[in-house]
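A.B. asks: Please assemble the complex out of the two chains, which come individually in their own frames, going by the hints.
What follows is each chain in one-letter form.
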Amino acid sequence: MLSAGLISWWYKDGFKLFAEKIWTKLGDTVDFFSIGSLLGTLFAPYRQISANASGTSIDAKFMAFLDRLVSRLVGGVARIGIIIFGIIVIFLQLIVSLVSLIFWPLLPVIPIICIFLSFSGVTIWLK
Amino acid sequence: MAEINRYNKNSTRAKYARLGRALGVPLISKLLFLIFLLALVFGGILVFSCNSLGWLAIGVADLLLVLLIYINLLFKKVPLGKTEDINDILSSNILSILGSDPTPSKIAKSLIETRSGRFLALRFGIIPRLLEGVANDLPDDMTPIFKTARKIAKKINASQISGGIIAIAIIENHPNCEEILSRMRLDLNDLYEGITWYNYLHGLVKNSKKKRRDGGIARDFTFGFTPLLSRFGQNISASRSGTMKTQLFRASNQEALTQMVDIFSKSGRQNVALIGPDGSGRSTIVNAFSELLLDANSKISKNLKYRQIFKLDAGALLSGTTKQGDIERLVTELLNEAYSAKNIIIYLNNAHLFFEDGVGSVNISNLLLPVIEAGRLRMILSLDEQKFLEISAKNPSFANALNKIMVGPSSEEETIKIMEDQVPFLEFKHKVTFTYWALKEAYRLGDRYVKDLAMPGKAIRVLEDSARYAKDGLVFGESVSEAIEKSEGIKLQASTDTFEEKDKLLNLENLIHERMIDQEPAVHAVSDALRRAATGVRNENKPIGTYLFLGPTGVGKTELAKALSSVYFNGESEIIRIDMNEYVESSDVNRLIAEGSSDAMSLTAQVQKHPFSVVLLDEIEKASPQVLTTLLQMLDEGILRDTKNREISFRDAIIICTSNAGADIIREKIRSGENYETLRSEIINSLIENRDFKPEFLNRFDEICLFKPLSKDDLIKICDLLIAGVNKTLSPQKISVSLEPEAKELLIEAGYDPLLGARPMRRIVSKTVENIVAKASLRGEISSGSTLNITKAKIEEELK
Chain A
1 MLSAGLISWW YKDGFKLFAE KIWTKLGDTV DFFSIGSLLG TLFAPYRQIS
51 ANASGTSIDA KFMAFLDRLV SRLVGGVARI GIIIFGIIVI FLQLIVSLVS
101 LIFWPLLPVI PIICIFLSFS GVTIWLK
Chain B
1001 MAEINRYNKN STRAKYARLG RALGVPLISK LLFLIFLLAL VFGGILVFSC
1051 NSLGWLAIGV ADLLLVLLIY INLLFKKVPL GKTEDINDIL SSNILSILGS
1101 DPTPSKIAKS LIETRSGRFL ALRFGIIPRL LEGVANDLPD DMTPIFKTAR
1151 KIAKKINASQ ISGGIIAIAI IENHPNCEEI LSRMRLDLND LYEGITWYNY
1201 LHGLVKNSKK KRRDGGIARD FTFGFTPLLS RFGQNISASR SGTMKTQLFR
1251 ASNQEALTQM VDIFSKSGRQ NVALIGPDGS GRSTIVNAFS ELLLDANSKI
1301 SKNLKYRQIF KLDAGALLSG TTKQGDIERL VTELLNEAYS AKNIIIYLNN
1351 AHLFFEDGVG SVNISNLLLP VIEAGRLRMI LSLDEQKFLE ISAKNPSFAN
1401 ALNKIMVGPS SEEETIKIME DQVPFLEFKH KVTFTYWALK EAYRLGDRYV
1451 KDLAMPGKAI RVLEDSARYA KDGLVFGESV SEAIEKSEGI KLQASTDTFE
1501 EKDKLLNLEN LIHERMIDQE PAVHAVSDAL RRAATGVRNE NKPIGTYLFL
1551 GPTGVGKTEL AKALSSVYFN GESEIIRIDM NEYVESSDVN RLIAEGSSDA
1601 MSLTAQVQKH PFSVVLLDEI EKASPQVLTT LLQMLDEGIL RDTKNREISF
1651 RDAIIICTSN AGADIIREKI RSGENYETLR SEIINSLIEN RDFKPEFLNR
1701 FDEICLFKPL SKDDLIKICD LLIAGVNKTL SPQKISVSLE PEAKELLIEA
1751 GYDPLLGARP MRRIVSKTVE NIVAKASLRG EISSGSTLNI TKAKIEEELK
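Sequences listed follow chains A and B, in order. Just so it is clear: in the first sequence, position 38 is 38 by our numbering, and no numbers are missing. Just so it is clear: in the second sequence, position 45 is 1045 by our numbering, and no numbers are missing.
Next up, chain B with everything else stripped away, as it sits in the complex (with noise of 0.2 Å):
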């Protein structure tokens, strides 16, 4: 076994495929072809001046047409063998670059001059100095590597082993492989599609060269004349024709097509209703279809051979009339034409547009259904779902009439396949190279975060938009990061990259103390979370964090959500808060999932504009029981259906419910000394036993945390800090206060209510500090760069 893998530098194709490479066949061709136009011009003068020697210079120039054909058919690319030894299925340009005595290293310094090898170092970072880092020096171990190409060439069903295959060996046989490619964010698979996908792309290429045939000049010979169509539909047909051909990644899809073959091949109703999501591939299902009727070698019907397909559009037909009889008139008109010129198959792209009212909509089902029921004219309609169900509602006789084919959204590996086909496309396009994690990122990112496109539309989306943010040409994953960024104003991951960034979350707790004081076990849980969510290493597929902040009112619960936005989601703005005692009925479900374009204030709306926010749904025992069942799915999943059952994400949020429920118990527990954790049982079991909650309802919490009521001590460092507050807003006017230790227990003295917390101290430092500077400014006692001291006996006068 180990002889098959043994490489043989004297075998015919190594030694052609060096000799090729030695003779450098472009510029040796070109030389040859000189040569031999000289010698064959000077030949014939020769002979035909009556001089014999002329024979002889024809005759070169015959010997040098032999080898200028040699050349370039043999030595451009020796053909493969036909054993299984690894000389007959080594690529020519590997066996070219291979020498006399190769070695693994020297071997990974030149894989670069393959395209295969330069097409793994452009998209996954496989560069030569990673493969001289893995790569030795010993000749014996040439023949484990070829083993190991022969194995992937196998498994990726290659027919010879490229310098990509190579590559891909030399790393395999590393004994840290996986440590190797873990840091670059691969695995083997990965390395595996990208030599599919190389030699797919490869092959896509020759193909090209080869001529289509597609029925010649007599194709449309017999057919009709149709000015009209021509005018106001798009020729589906003609602009596929000379375009590289469609494939069809999903057996889904390819399903369709047949389908579709067979339903316009056979009598009976002569259409087609692909129905699925935009961004499915209804629209590629149609192009490949079109392409099929246009192949000459496709064993199709032959009454559906050469037929074309012209899309009709809504809104050039409207553009094209002003009156509704007009466009009825017209679209009579262009109906009358294809059925007349027998050779064309009408597409209604987006038909729900033709069977409503509306903006850039028009209503002409009375004259399409008929035409439809009929079935003599071909039509292919592609709509939405919903839409669907919406028009066979209003008109039961169009779904009955319809031939359906449904489209469904693609999975991540056929997407990653229909991405990996538009990408040559897509950069010649934006002048990019797409690299394989931008592939990645744009499926997971698009999944998440684009809505109103199915797969592959979204990722394909996500991935045109990154190319905006390509660095030195290259979409990497990050640029896609930033392109979903600014798209949809969320943040990413990426966050932690920056030192700033890292220390912002590891003294989070600090950060939040700046603005509350105390209660540590909810600052704790909420800045763990934000942690946990920064580096990924949460759950995707639920919110951040959901917390139930359990306590008296005015100890913070809501002051620590408003400091989690200041300091993580960039400014108070980014919460969402909802007062829950609005929701008391069960009828105010609707108002709170109401589509964005109903109510913009919604709880859905709010968050589909703003997904990377704190959610803050105070009270939330005043709610109704219907409403809190409604968020029970945002709760576990992150998703919350709208009225248009839209989902929308909670995934990017922190989602926090404040409530004053069991209140009492807390403040009277605290104040006898009671243990948090036991206390917080307790609290949860009363809650239930009282029916504040349901169980299912608090057990979908990531934490529940309780709240304790303020001491006066707590209420120093609160006044503290409503005094710094005072000072921040005043430091626009280089204005600042003090309090003299009396005047601050006075204070505290009169801010002081256990049962109502902190917002009693606001109220007081409001009144008295707030006013005094007011005054002091009035009466010009202070000016710019002043300091107001203020004094017990000031205070005294406030609070009179």
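So here's chain A without its partners, still in its complex pose (with noise of 0.2 Å):
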């Protein structure tokens, strides 16, 4: 009953069950980098630190306008960096999420194997 349950609930709700849980976690990494969100604020200021800036000399124009390409360009290369960072952790996810599911329905049928191997005398020697 045990092995006939737990081979039926493997192939169906288990499996279906892990893909969400694996989809969820995927989807969880995606949010935490935006990245949407970064590429469509690239070059957004970083920080806008003229706030409370007061004048309207030119000077003070002048000022105010090198504050903001200054905090674009920090803005611009710290979304590229994390940018590249989000997409290498989402892909590198990606990839381990595929594996899984790949590795899911073959973990019951891991010990038919073993015991073949075994019995083939197959081992792994390490020089």
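So these bits of chain B aren't anywhere near chain A, every CB distance computed over 10 Å:
(1) Ala1022
(2) Pro1128
(3) Val1134
(4) Ser1230
(5) Asn1363
(6) Lys1429
(7) Lys1440
(8) Lys1502
(9) Asn1541
(10) Thr1558
(11) Lys1562
(12) Asn1645
(13) Ala1750
Capping the alpha-carbon separation at 25 Å, the derived lysine-lysine pairs in DSS-like fashion look like this:
(14) Lys1211(B) <-> Lys21(A)
(15) Lys21(A) <-> Lys1076(B)
(16) Lys12(A) <-> Lys1076(B)
(17) Lys16(A) <-> Lys1082(B)
(18) Lys21(A) <-> Lys1077(B)
(19) Lys16(A) <-> Lys1076(B)
(20) Lys1210(B) <-> Lys21(A)
It is worth saying that the hints were derived from the structure and are not from the lab. Using N, Cα and C, we set each Cβ at its ideal position, and we do this for glycine too.
C.D. replies: This is the structure:
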């Protein structure tokens, strides 16, 4: 009863449950890096530091312009860095997720493969 | 139909549930995991050491891993089936305890092992002993119980039948179900509500484990740096992050939230004014709004997503500055910062504090109004309706510039739901457990006694206060009553709990007569009213009793009010006495209902401070008609509004009005031996005909009692009472007085005046007996422990 139930559950409800968990975790990572938002605001000022800057002279306006320019550049670099890092993490997680999904159906079969390997005398020899 | 309610011990779910219970999942999981690790490491070492047997160990490890996943994902909680069969909708917990031959009695014993069963036991008193008492040992009775359980689950929209539902079904199937629950002051709907409450809390815990998506690390990247706002304001969005989601149980609050989203999503005046009384849940709406903005999955416009709400507090701003000019500069900088940051919504809680001068407030309306009118900076204002009207009267443009959303008090059902939501936080804070009765009482008593707050705020405050009166960590309805009694200085129904109190109530007439003579109808009337109040059989939307005492002067009208206060209301200090001859002008109404801070001795101010009192309105016939009209609502509904339009409750007071109107007729007719009831009707008619009182005024009283003139026999008893009073006064000096019969007769002769009642008697006793004692004391004729015998001669001497 147990083994039949296990096999039936493993390839139906179990697989669905596992896939859902993997999908949720992937979604959480994508949300955490929010690459869409980063791309959309790639060169927006990093910090709007001139909130209370006053004055209407050309000097003041120029300084504010320079502030914003530097802030945009810093913002661009920071965002590109995070985008690259985020893409790597998401990519790695995607691979791990895919491998896990492929591995899931194989898990109940692995003992049979192991018995076959054992009786075939296959070993790994580290030199 | 019966088939789908029949338990099948051989169903797959039942077998899995029993197996899961037998295995003891947490322990077996740990053991399996340990063996899995050992087998994996051992197998790996063998394989890498050129021994192919290692594959077998790895195979075993893999098998263990599969089992581990299977047990944890399936056995821990066997998923529900897909049919309507009872075996598919019973929770795995219940299936695991049902065993192979369940009976109602067996299951009643085991329900405490389920979470929902424990919940009902703790908060509703549905303990195993009670369930075992109503359950039998017939296995066939399980099917009707399951049928009832299915009906309950359907009624409360529960997806599965839990232990709690089975517990209720066992009770509901008992023929004396209503009686059993009534004894516990519950009904079936309360228990259904209990299961809904459990399911809700269970859902909250489950959801709290899920990660909330809130925009990730890029969320605040493009927005401005806000050092000043971080220093002087409170970031509501940050404080709500990581907490349980705010639930809006009221349809009106949900609607307010939708309106806020709508207003801020579209172009136009970017402000919202939440207008409603304190405690009505304005802050809860703002909290829910802040969570909605940070929810990545919420369907709101892009220009609103991930905006953060900063609360500004007038007190914090004032403490950060020294001069008016400084505060204006600071607020300007704060608003500039918020505007430049582009992701800030300013929230002015108690916004009136920014529009008026006073302690803890600062008038910067000249600064804020242009910002509100321009509508470029998003703002939320929250303020009391009265304050809003006051500010609008001063600044009409203020009212026009705002998008108003009205927030009203919650209903009983909504308040109970809100309290159920808040209970886990209060329990965590105070380390107590609230029972369901505590919630119900918090609503009932909060609604009645807590002023200056609206629902649900007042009920939550009462609930929180009652935590201090928990017994063995549990907060019962009695704990709530105790909290109210202590905080409001009132006496609630629990007074009938002790034998002494019951005895006192049953013998009120005798106790009152220890202080006054005769006047049986009036004494009976007030005693009956108090007994009704103490046992909870009175109309709670009226004063305990309203009485008009009519009769000549000095016959005991005021004395009865004092006796009542002394016997029942913990002493004569709990009497609020107003001489109505001081309210003869129509303009005196304002003085009568003056607000406490302007006149502490007004009727409303005194009752607000001492709601559990005897209110004595002496010589009511002398008050102006306007004053009497003002009192109508007090007599009828137990409510009087003070000059600040605040409701003052008289519902825990006994109101006694005294009047000498019609005294002559009473005296005359009583002397001619007329029947009391006939005389009463005659007197009432004559009062109306003579325009002493209007019919609608007289009609408001529960009873109009006539006080008859005192006879000589009455005077003898009064004389005894007065002498007893003198002895009581002298008791600390261990001195007593006794009167010879002739001396007493002389006193009565001298003190009897049919027109003036007992007052001359009191004066005579004071003039003679008290003077004799004083002189004897000065002459050293009496000492501690002695009794002074007063003779007729001594009295005569004093009367000269």
